[in-house]
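First to last, the protein sequences are chains A and B.
If you count the first sequence from 1, position 242 lands on 242 in full-length UniProt numbering, and the numbers rise without skipping.
If you count the second sequence from 1, position 47 lands on 47 in full-length UniProt numbering, and the numbers rise without skipping.
Don't read these hints as lab results, they were simulated from the structure.
One or more of the hints may lead you astray.
Some, not all, of what chain A presents toward chain B, calculated at C-beta under 8 Å [to be verified]: (1) Met64; (2) Arg94; (3) Arg97; (4) Gly99; (5) Thr110; (6) Ala111; (7) Val115; (8) Gln125; (9) Leu128; (10) Tyr160; (11) His162; (12) Leu164; (13) Ser165.
Think of the CB as a built atom: it goes at the ideal place given N, C-alpha and C, for glycine as much as any other residue.
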Amino acid sequence: MTEATATDPAVPLLAVDNLRVSFRTARGTVRAVDGVSFRLGHREILGIVGESGSGKSVSLMAMMGLINDPNAVIEGSIKFQGRELIGLGAREMRRLRGGRIAMIFQDPMTALTPVYTVGRQIVEQLRLHTDLSTGAARNRAVELLEAVGIPGPKDVIDRYPHQLSGGMRQRVVIAMALSCNPALMLADEPTTALDVTVQAAILDLVRKLRKDFGSSVILVTHNMGVVAEIADKVAVMYAGRIVEHADTPTMFRTPWHPYTWGLLDSIPPISGARPRRLSSIQGAPPSLQRLPPGCSFAPRCQYRSRRCAVKPPMIGEPDHRVACVLEPGERREIVRKPAQQNDEIPS
Amino acid sequence: MSLGFTIVKRLAHMVFVMFGISVLVFLIFFATPGADPAARIAGRNASPQTVALIRKEFGLDKPLPVQYLRMMDRLVIRRDLTSYVNLGEKVVPTIFRAAPVTLSLVFGAAVIWIVFSILVGVLAAAFKDRTLDRLLMILSLIGISIPVFWLGEVVNLVSQGLLHNTWLFSWVPPLGYVPLHRDPALWFKSLVLPWFTLALAFIGIYGRVLRANIVEAMQEDYIRLARAKGLPEAQVLIRHALRCSMIAIFTLFGLDFGALVGGGALLTEVVFGLPGVGYLTYQALTNLDLPMIMATVTYASFFVVSANAMVDILYSVFDPRVRND
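Use the sequences and the hints to build the structure in full.
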């Protein structure tokens with residue numbers, strides 16, 4: 001492996017520029033991802049937040065080169081360690097996949113092939129990307145299972161997936177993802193299907209892995225709480241676009257985009273007075289086939305105006321960018337007297 | 001350990017089912033109201049003396065459980081049940097002579113249909129919605145639709161008649177069965193065409209089912225993970241999708257294989273002049289040879305049930321989720 005360029009701190013680990021993914025369908029082209037750009041540094045954890053259908057998962061799949069729908073069109077640039085992934089040959093992409101870039105999926109219950117032992121599935125990946133012998137790969141698999149906190153790894157390695165709990169299976173999936181020391185780990189809602197205590201343990205694990213294995217992580221979720229817990233930076237996606245991008249403390253302290261406000265308001269506060277009714281964002285995400293011409297959030301936005309008829313560009317400061325036409329002054333004005341949504345909307 | 005337990009449990013289950021079947025078969029022949037079993041055993045145009053003799057021999061004046069035990073005794077333990085149609089023919093040894101013919105036919109056909117249906121299913125799934133897929137699916141449908149007896153007759157017409165004297169079919173021996181131990185090469189040659197004839201419809205069915213299963217499996221999360229691991233597409237398809245799809249195929253196989261061994265290959269046997277169990281049943285039915293029918297039905301059910309048990313046991317080897325643990 002050529003590590004020389006890989007660890008050059010001047011080159012970001014991952015640079016995504018104007019990524020667009022669209023699908024040709026019978027009823028016209030659907031743009032699932034519409035001009036997503038971001039940088040990911042070494043050992044950084046980026047949280048991508050958004051509702052279902054906002055294009056988060058499709059973006060990840062594009063980075064893995066796993067969109068093999070013949071009707072998909074992928075444009076833009078994804079540079080991993082300075083190397084362009086879009087248009088990369090199938091063979092080279094396969095070598096990266098599971099090797100330098102690994103992925104964890106949402107539902108651990110169905111993520112493992114039911115007819116093979118977990119050990120065999122980890123060994124399969126190790127043998128694919130390294131020249132370890134089967135015996136050595138097996139030993140490595142035991143180490144990995146231990147590293148992800150599975151008790152009795154020597155025993156678990158010969159178990160079938162159905163004999164393990166959801167949390168255990170997710171740990172196995174993570175062990176598998178880590179098996180070849182990936183520089184980048186893509187996690188697609190890794191905790192959504194798990195119960196809360198297991199969620200916390202898995203998040204702890206992800207944090208520990210960044211420390212021990214030095215991987216960068218992109219974590220896709222619809223849960224702001226998870227992001228607050230673990231991410232260094234946050235990107236908020238809506239209808240295929242990043243609408244706000246900042247580091248985590250900034251995002252939670254001074255969110256700029258009305259959609260982000262809505263997301264943050266939908267988390268029940270841990271301290272202080274409990275709201276009568278948890279606020280929600282009115283309406284539903286737009287159909288990707290019939291996006292409004294201007295800001296796609298405008299139809300649901302309380303603060304929309306005529307300016308929203310034009311697609312808003314990304315503006316703001318280098319480390320806090322937003323796609324909204326609200327002036328900083330207006331924003332401060334709105335934030336000072338928080339939305340009275342709770343009382344206004346009859347239930 | 002747990003696997004051993006599964007096997008023992010399955011075998012016990014099998015014995016129980018076979019007992020049930022034997023009772024049922026017995027009741028159908030001996031306790032149907034309004035029919036005299038003795039007269040039926042005697043066959044057509046039997047003299048009253050023969051009927052009286054049979055009534056005594058089978059204990060038909062005794063209560064039903066006694067009749068059942070006597071029957072089972074003669075069928076399974078003493079195996080001296082004789083036919084009254086072909087006078088003096090012992091039915092059980094006859095069946096045992098016919099069984100290897102049927103087994104040869106069905107085993108060979110099974111190997112062919114499994115191999116080819118996997119080929120068809122995998123290729124069709126790999127080329128889903130493309131020309132090869134469509135072509136294979138149409139051919140499968142044709143294969144399913146052709147009646148086996150018609151296909152057999154056409155095969156005979158071509159290989160024994162029209163083209164028998166060309167290089168293509170000059171190797172085909174005359175119709176009939178040659179035991180494996182007598183001449184393995186001839187055994188093989190005489191069975192190749194029956195094998196393919198019997199297998200064709202199954203290749204069609206299994207190929208289509210397998211394609212559907214693989215296509216469905218390819219949508220599963222574990223396939224996405226297998227791809228994310230960096231596995232080449234062919235390995236994803238074969239090691240993961242096909243391997244998991246084989247479970248459903250195996251269930252189907254257990255049922256079909258058992259049914260064929262138990263006499264379901266009747267048409268193929270008749271068309272190719274193979275004196276197997278199916279052929280025997282066919283003759284017994286046309287002659288109304290009740291002891292023979294009784295015996296073939298009982299033994300057929302024995303084959304079906306044991307084939308099913310065998311498949312179930314193999315099934316737990318195939319699919320770790322069904323093991324008891």
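Status of the hints after comparison with the structure:
1. Met64: 6 Å, holds
2. Arg94: For Arg94(A), the interface hint holds, since the closest Cβ of chain B sits about 5 Å away, which is under 8 Å.
3. Arg97: 4 Å, holds
4. Gly99: It holds, given that the least Cβ distance between Gly99(A) and chain B is near 6 Å, below 8 Å.
5. Thr110: Interface hint status for Thr110(A): holds (4 Å vs cutoff 8 Å).
6. Ala111: Check passed: Cβ of Ala111(A) comes within 5 Å of chain B, closer than 8 Å.
7. Val115: Holds: closest Cβ of chain B sits about 6 Å from Val115(A), inside 8 Å.
8. Gln125: 4 Å, holds
9. Leu128: 6 Å, holds
10. Tyr160: 4 Å, holds
11. His162: 5 Å, holds
12. Leu164: Hint on Leu164(A): violated, closest Cβ of chain B at ~12 Å, above 8 Å.
13. Ser165: Constraint on Ser165(A) not satisfied, violated at 15 Å.
Checked against the numbered hints given earlier, this structure breaks hints 12 and 13; the rest are met.
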